[in-house]
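Please construct the entire structure, taking both the sequences and the accompanying hints into account.
Heads up: the protein sequence lines correspond to chains A and B, in order. Counting from 5, one number per residue, gives the positions in the first sequence under our numbering. Counting from 134, one number per residue, gives the positions in the second sequence under our numbering.
Do not rely on the hints blindly, as some may be mistaken.
To be verified - Only pairs whose alpha carbons sit at most 27 Å apart, straight line, appear in this in silico BS3-like list of lysine-lysine: (1) A:Lys-93 with A:Lys-47; (2) B:Lys-298 with A:Lys-339; (3) A:Lys-242 with A:Lys-274; (4) B:Lys-197 with A:Lys-322.
Don't read these hints as lab results, they were simulated from the structure.
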Amino acid sequence: MKPTTLRLRLFAASFASIFLALLIAGFSIASLFSNHVETNLTKDLTSQFDRLISLIDATPSSLALHAPLADPAFAKPYGGLYWQITDIKTNERIRSRSMWDAEFTISDDKLLDGKLNETRLLDPEGTPAITLVQRLVFELNNGSIRTLDIIMAEDLLVFYQANAKFRSDLALSLFFLALILSLAAWVQIALGLAPLAKIKQEVNAIRSGSTKRLSKSHPPEVMPLISEVNELLDNQEKSISYARTRASNLAHGLKTSLTILGVQANDIRKNNNNKTSKTANIIEKTTNDMSAIIDHQLRLSRLNTRSRKNTFTSSLLKNITSITKALKLTPNGEKIKWHLDIDDSLFINIDEPDLLELLGIIIENASIWAKDAIFISNEIEGNSAVIIIEDNGLGLTQQQISAIGKRGIKLDSKGSGTGIGLSIASEIVEMNSGEFQFSKSKRGGLKVEIKLPMTKN
Amino acid sequence: MRILLVEDDLIIAKNIISALEIAGFIVEHEQDGEEGWFTGENEKFDAIILDLGLPVLDGLTILKRWRKANCNTPVLILTARGNWDERVEGIDAGADDYLTKPYRVEELVARIRALIRRSTGHANPVIEVGEIILDTRLMRISKAGQPINLTPQEYKLTSFLMHHKDRVIDQMELTEHLYTQDFERDSNSIEVLVGRVRRKLGTNSIQTKRGFGYIMSSEK
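Laid out in structure tokens, this is it:
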């Protein structure tokens, strides 16, 4: 399962919480409103009911009210407020004008206890109505009694309409509240995650090589993470440096020992005995081979195994000048006329020691085989620089040219090299997504074209 | 020609000393960095062979100290570390050449000869003074096209004067560059040696500047 982003997770959790809280709040508020309105309704109706009871004028021969109830809804047909009084013995019944010709019928179980009971009935229009019922016994002046069932009802249509309106208003309000809260949650999450975004930027800067460590300007909550990452980077750098130093020291030690063996072989050869000379040659060849292997591995261990996201800014002219300066001091290099035509604003996206190693190998090779001149120039091809190194030596056959770069293949069988230099150069070019091209130069010798990525401005 | 060799490994040092002595050089050897630095800074040499991995003081530090103290003797670095960045670092620190181990001793000798020749301002391996020609690669001296048979000491004297042609060299300097330190300085060996060379190369081949020293010059 693909992991979701932290931002999305936090927002989903916030949104769910907001939705749930508002849903519960909505239901609670609607319920409270409904209960409150219904309670008030019942309270008002109870007052009207009490008023009705107080207005009852019951005599042995008649049943009436002293005065009509004040609320005009009782007088208006289907006005929404209704009352009905029934003598259970004589079945004499009086009712409000609003009842028109309808009657309420109620079961005895709501009346037998003589208490005021609340129930729901359908009003004359068939709408549910809140209804108060009570059976009361009136003692008349002549000592007789009349038992009356008193019913008062109020149409709930208005209540339902008010309730529905309230709920729809409430839902709309809660919807906008949810929107505002969600937006606030998004802003809060963005602010909360801002330090992580900054860390991401700094990590990218480390990858690109523009900085080496994360900065210290972060909130205290993330500083332990920053310290750990920086410590990890320190340890990694130390480990690589330590490993390289150890490899270098090991190679140095071994090569010194091999030099001693070579010296001994030379001494044996001086004895001028055929058999011992042969042994000396074998020792010398073996020590040379071993030295070449050590050299190859050591140089490989020093190549920068960088991430593709790293960016390097190595000056082409500076590195080529360093190499030619060193080579001019050698017996091969001092006789050569160096023709450099390099753009001084050209930077190559390769770690500088690797660029130096690559160009050093190729240019030194050219200095060995050049007659008396080497030409180094550059061209631009899209985002790449093509470095062209030509000599005016004898050049190579097509077969020799196609074998160049393979490990152990030398440019010439009489050469003192081992072919490992070119193999290293090929690995550097490959590691940096570059290209090698060998051909015969019009100047007579070998033409080497190295295509390498340029550093973008 | 006097060479300082700073190398801690005795077998390698012995081999180099032997090869250089056969090639006509006087070699002083120091085993550790501290001694090498002191000797290189306080005595005159025509070239120095410096190993980088030395006990007490590493080669690169010594080289930087020499250059800081205006000691401009040409230095050939001898090291097992053959990477180009280390090579450039060595050259930038003031080295004049760089040879990686394992090396062929013949190449080392050739490099030293080239180094001394370059340091005395000669771009060509063949140095000419009038009819006398010195081929530094072959260690051969000829006059008017005829090879001259010289003893090692005679060759050293002629070679040194030809490398510094047109410059008056006093006896003290000649002694320092032609003999080991334990040589008896008051003896008249230089005069005797000059006389022998004159007999082989011609009376005017080496001129005496009274009170100053000797000179080989094309101008008579």
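Hint check results:
no.: 1; hint: A:Lys-93 with A:Lys-47; result: violated (30 Å)
no.: 2; hint: B:Lys-298 with A:Lys-339; result: holds (22 Å)
no.: 3; hint: A:Lys-242 with A:Lys-274; result: violated (47 Å)
no.: 4; hint: B:Lys-197 with A:Lys-322; result: holds (22 Å)
The structure shown violates the earlier hints numbered 1 and 3.
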